[in-house]
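K.L.:
Spelled out from the first residue to the last, the chains are:
Protein chains: 2
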Amino acid sequence: MVGATNQTLRPFLWRAGKLYPDREIVSRTAEGLERYTYAEYEGRVAQLAGALSDAGIGDGDRVATFCWNHNRHFETYFGVPSMGAQLHTINPLLPDHHIQYIVENAADRIVFVDPSLAPKLAGAVDEDAFDSVEQFVVMASAVPDDVGLSPVTDYESFIADAPDEYDWPDLSEDQPAGMCYTSGTTGQPKGVEYSQQMLWAHTMATLPESGLDIGAEDVIMPVVPMFHVNAWGLPFSTTAAGAKHVYPGPSPTPEDLAKLIEEEGVTMTAGVPTVWLGLLDYLDEHDADVSSLERIIIGGSAAPKSVIRRFDEEHDVDVLHAWGMTELSPVGTVAHLKPGMDDLPAEEQYEKRAKQGLLAPGLEMRVVDDDGNEVPWNGEEFGELWVRGPWVTTEYFERPDANEEDFEGNWLKTGDVVTVDEDGYVQIVDRAKDVIKSGGEWISSLELENSIMAHDDVAEATVIGVPHERWQERPVAFIVPKSGADRDALKAELVALVEDEFPKWWAPDEVVFIDEVPKTATGKFDKKVLRDQYDDSSLIEGKTPDTEAPSDE
Amino acid sequence: MVGATNQTLRPFLWRAGKLYPDREIVSRTAEGLERYTYAEYEGRVAQLAGALSDAGIGDGDRVATFCWNHNRHFETYFGVPSMGAQLHTINPLLPDHHIQYIVENAADRIVFVDPSLAPKLAGAVDEDAFDSVEQFVVMASAVPDDVGLSPVTDYESFIADAPDEYDWPDLSEDQPAGMCYTSGTTGQPKGVEYSQQMLWAHTMATLPESGLDIGAEDVIMPVVPMFHVNAWGLPFSTTAAGAKHVYPGPSPTPEDLAKLIEEEGVTMTAGVPTVWLGLLDYLDEHDADVSSLERIIIGGSAAPKSVIRRFDEEHDVDVLHAWGMTELSPVGTVAHLKPGMDDLPAEEQYEKRAKQGLLAPGLEMRVVDDDGNEVPWNGEEFGELWVRGPWVTTEYFERPDANEEDFEGNWLKTGDVVTVDEDGYVQIVDRAKDVIKSGGEWISSLELENSIMAHDDVAEATVIGVPHERWQERPVAFIVPKSGADRDALKAELVALVEDEFPKWWAPDEVVFIDEVPKTATGKFDKKVLRDQYDDSSLIEGKTPDTEAPSDE
Chain D
0 MVGATNQTLR PFLWRAGKLY PDREIVSRTA EGLERYTYAE YEGRVAQLAG ALSDAGIGDG
60 DRVATFCWNH NRHFETYFGV PSMGAQLHTI NPLLPDHHIQ YIVENAADRI VFVDPSLAPK
120 LAGAVDEDAF DSVEQFVVMA SAVPDDVGLS PVTDYESFIA DAPDEYDWPD LSEDQPAGMC
180 YTSGTTGQPK GVEYSQQMLW AHTMATLPES GLDIGAEDVI MPVVPMFHVN AWGLPFSTTA
240 AGAKHVYPGP SPTPEDLAKL IEEEGVTMTA GVPTVWLGLL DYLDEHDADV SSLERIIIGG
300 SAAPKSVIRR FDEEHDVDVL HAWGMTELSP VGTVAHLKPG MDDLPAEEQY EKRAKQGLLA
360 PGLEMRVVDD DGNEVPWNGE EFGELWVRGP WVTTEYFERP DANEEDFEGN WLKTGDVVTV
420 DEDGYVQIVD RAKDVIKSGG EWISSLELEN SIMAHDDVAE ATVIGVPHER WQERPVAFIV
480 PKSGADRDAL KAELVALVED EFPKWWAPDE VVFIDEVPKT ATGKFDKKVL RDQYDDSSLI
540 EGKTPDTEAP SDE
Chain X
0 MVGATNQTLR PFLWRAGKLY PDREIVSRTA EGLERYTYAE YEGRVAQLAG ALSDAGIGDG
60 DRVATFCWNH NRHFETYFGV PSMGAQLHTI NPLLPDHHIQ YIVENAADRI VFVDPSLAPK
120 LAGAVDEDAF DSVEQFVVMA SAVPDDVGLS PVTDYESFIA DAPDEYDWPD LSEDQPAGMC
180 YTSGTTGQPK GVEYSQQMLW AHTMATLPES GLDIGAEDVI MPVVPMFHVN AWGLPFSTTA
240 AGAKHVYPGP SPTPEDLAKL IEEEGVTMTA GVPTVWLGLL DYLDEHDADV SSLERIIIGG
300 SAAPKSVIRR FDEEHDVDVL HAWGMTELSP VGTVAHLKPG MDDLPAEEQY EKRAKQGLLA
360 PGLEMRVVDD DGNEVPWNGE EFGELWVRGP WVTTEYFERP DANEEDFEGN WLKTGDVVTV
420 DEDGYVQIVD RAKDVIKSGG EWISSLELEN SIMAHDDVAE ATVIGVPHER WQERPVAFIV
480 PKSGADRDAL KAELVALVED EFPKWWAPDE VVFIDEVPKT ATGKFDKKVL RDQYDDSSLI
540 EGKTPDTEAP SDE
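First to last, the sequence lines map onto chains D and X. Residue 459 in numbering that gives the first Met the number 0 sits at position 460 of the first sequence; the count goes up by one each step and never skips. Residue 386 in numbering that gives the first Met the number 0 sits at position 387 of the second sequence; the count goes up by one each step and never skips.
Isolated chain D, as found in the complex (with noise of 0.2 Å):
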């Protein structure tokens, strides 16, 4: 046999606690910030560990979270994996049914819940659901008045007749370390779990240059929530390169990140596109000295070229944009420079950092179409994106169906519909299931949108496809006018601007006026409901005309 010792996360913990003891943790709190080094929160974690030991928790267990971004969250993040639990992180943002299905679907036997976030919880517990739930831990020193969640302790208590040391077990690289849901909008969320093995990878491929390129002097603020597949698994990363954590708590503004950086020193920092938006705004308006910061990871949904100029030529930060999936740990692509584009004038690079970006070195891909022909990198063609690797699930929890339908051998399918250029950088164009496949071409429903929204008369605008017995599938557009608009000559000229701006076909068939474009609990547009709603005709004004016909090329 050929071997060397498991991948397993102890080691990076070990190595901060020894290496950078004095680096420190530092937390925005309800009272302010709190802060400490890796060598106590190498106790603490070891406290956690002896006190889930204690409460019965071991090989196997699953441990869950519904927090925020804090020290105490970030504990759990070494200590139940470490312990040989697993660590279930809970998007306390879900709908109350879908929090009870993922409780029960886990088993979770403990759950540690934010003093601010105990009353959702609370709302949400069913007996039934949370029969596996033996105790409740706020994380706060205190259990708060009527927190109408039982048996309940708080974290401090629940750790602090634990010593700061624990023995750790030897652990196998496929023990189950983490747990997220995926949250479609459709059908039940969909578990994926964690071995040791993935998040040592996926923690070993963020650190470089390819990655996310951290090392030991960053001052690393994961904004993105800690429920979100592991903070983009920065926790982990910003451990293993021995670098200072800034969490921001709970619903930082604008103004509470614009002063952690200044205070902290932050040089990195991740989110999603709206986050740095508002900060953008705030820093316009404000004072406030950003200079230590490098770089921003966005992620989560497209960044608009525009933000990622404004950082530039304002504040001298790069914009990392990155695309990942919980499938995925989650980071697959992210959009570097490639070797002598910084030549290349302001504008080009900014079109390739907009791009959702370069595989990361140790995945593969490939750009299928219906036949499961690969499409040619050429910038144009689209196809679904598939990826496989060392930090890409292979399978779902407890679920044949999705299996079945997402995976081809250890490909996972991602229902993200891609163009790569030339130079491989992959930009997503739209989601599987939108995609509007019309005489054997494709329609990105994405593209029409963007492309309607941006007329002066247009609310909000949504675009889904058809049955056609033709051509399979044909647009059509729904859209939410703005007051006083003329609709007549709307509907022409949206027509119009889509035919300049795109193959003649891909002009919808027809474009229907609605009030409100339905939404998910989240907050994204929910066009299985318009899908349903049309199924049904009572909402189309006309009928779908037999116009023009799609490219047969």
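This list has only true hints and no planted wrong ones.
If you anchor each label on the Cβ, the simulated ranges turn out as follows: (1) E373(D) - Y35(X): 19 to 27 Å; (2) E403(D) - S171(X): 21 to 29 Å; (3) S149(D) - S171(X): 44 to 52 Å; (4) G59(X) - P168(D): 26 to 34 Å; (5) D173(D) - G59(X): 21 to 29 Å; (6) E350(D) - Y35(X): 28 to 36 Å; (7) E403(D) - G59(X): 30 to 38 Å; (8) E313(X) - L343(D): 31 to 39 Å; (9) A159(X) - M452(D): 54 to 62 Å; (10) G339(D) - H314(X): 22 to 30 Å; (11) T273(X) - S300(D): 49 to 57 Å.
Result set (DSS-like, lysine-lysine): computed pairs, CA atoms no more than 25 Å apart in a straight line: (12) K523(D) - K436(D); (13) K337(X) - K17(D); (14) K527(X) - K436(X); (15) K527(X) - K432(X); (16) K17(D) - K412(X); (17) K432(X) - K503(X); (18) K119(X) - K523(X); (19) K412(X) - K436(X); (20) K432(D) - K518(D); (21) K412(D) - K17(X); (22) K432(X) - K523(X); (23) K337(D) - K17(X).
If we take Cβ atoms under 8 Å as the criterion, some of the chain D residues that face chain X in the derived model are: (24) F11; (25) R14; (26) A240; (27) P360.
FYI, nobody ran anything at the bench for these hints, they're computed from the structure. Where a beta carbon is used, it is the ideal one built from N, C-alpha and C, also for glycine.
Assemble the complex: chain D is given as a structure, and chain X must be docked to it using the hints.
P.N.:
What follows is chain X alone, placed relative to chain D:
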């Protein structure tokens, strides 16, 4: 089961070919520089795999190389392991009987050999030892006359008929991928096998800043031979990053290196200290533009502080001192400065940089005394360095005797005696077999030698521990004086010099004058010979005096 796709080398090759198709691999040959791209490289690697398969090489078979640093050797790095075979890189500097032993032990089926090394190999071929070898492949486009190897073909003919695509197998992580033998001064060489997973983990560990800090824009020239633990993994990590490769070919002179740096824009290079001393001296005398060079990885033996200083002050090049072993694939520590150390006075920075450095993320270490207790990290107390982790082997190939001695559970006992300072920097003070154990304390033979060799009248010096009834061992120094030295005066001066620099009981009990220090095949001092001769006592002029007692503290 929780899992993802296996960790194997092939996706690194795939990614470089697809994302960096035009990036170059440059080789210095007898005929000048050869260059091609990753796209071509990928095709040639597939050809090699096909040719190996046609030659009957399959799952788990060993394929050996006997080569310097060039593109064809690099082709074997991905071609051999990715088709399921195991790459065994043989050190051509070994004595014939060691070559015979390891070829027989590894049961190599094909040996790739450089034209310039063919005579050496032909001289070592022995029918019994080479019984497993079915053919030799000369790394050239034709077989030289009178090559003395049979059956033999040339590399270009070997791969010519194979297609430039290969149906790569899905390999297990445990699949043996590489093999190197350690060349100890005593006993037979010990084989270390690298699994696909170990090489994957080592590659990922060396990419980040905490490792060797390799990015796509780098141009990397491994001067360390590719038969020395895979040139410290650089061919793999350079490919994973999509960086440019520069291979300096056989026996490059300082002038060759300076030219390659200048002409190819080398940003990083790596090798043993003597190479860089040679380059420094060359640069003192010649005009060469080495401004592209950002850093040099020095390993293999201790880098003198003066080399680090000269590169910094004269050429603005960072020297990164690294420590590794065949058993570690090989990188274990790198002497990066920690956050804040940039502000230290230059001399203090050089002090840190001259140490072996900080353990890489993912590994664990302990430093233990004779009783197995960990010694404190105070920069003074000695202990043997033990290491474990995902790229540290847990056994030698078919050597239960050595496994018993050199491992404790999954810990590798490195045989290096080190101190660790308060900042966590490891410094090697001796080899475990050379350290002198006197009165319960350890004396570093290496530090005594360095001190003694600084005396103007000393040409060579080595210190060994000799058995002593009361103190277990006592130091005895063997000196080759420069001609004309006053031996009696020198003896007294050396004892005074040691007593001045170290605890008084470190002073050698006896100073013995000899004509030459015995050397091993690779030019290192052979203390074993001295120990045997000292037992014989014929060399010793006096007898061991009952000197002042070592401290019992």
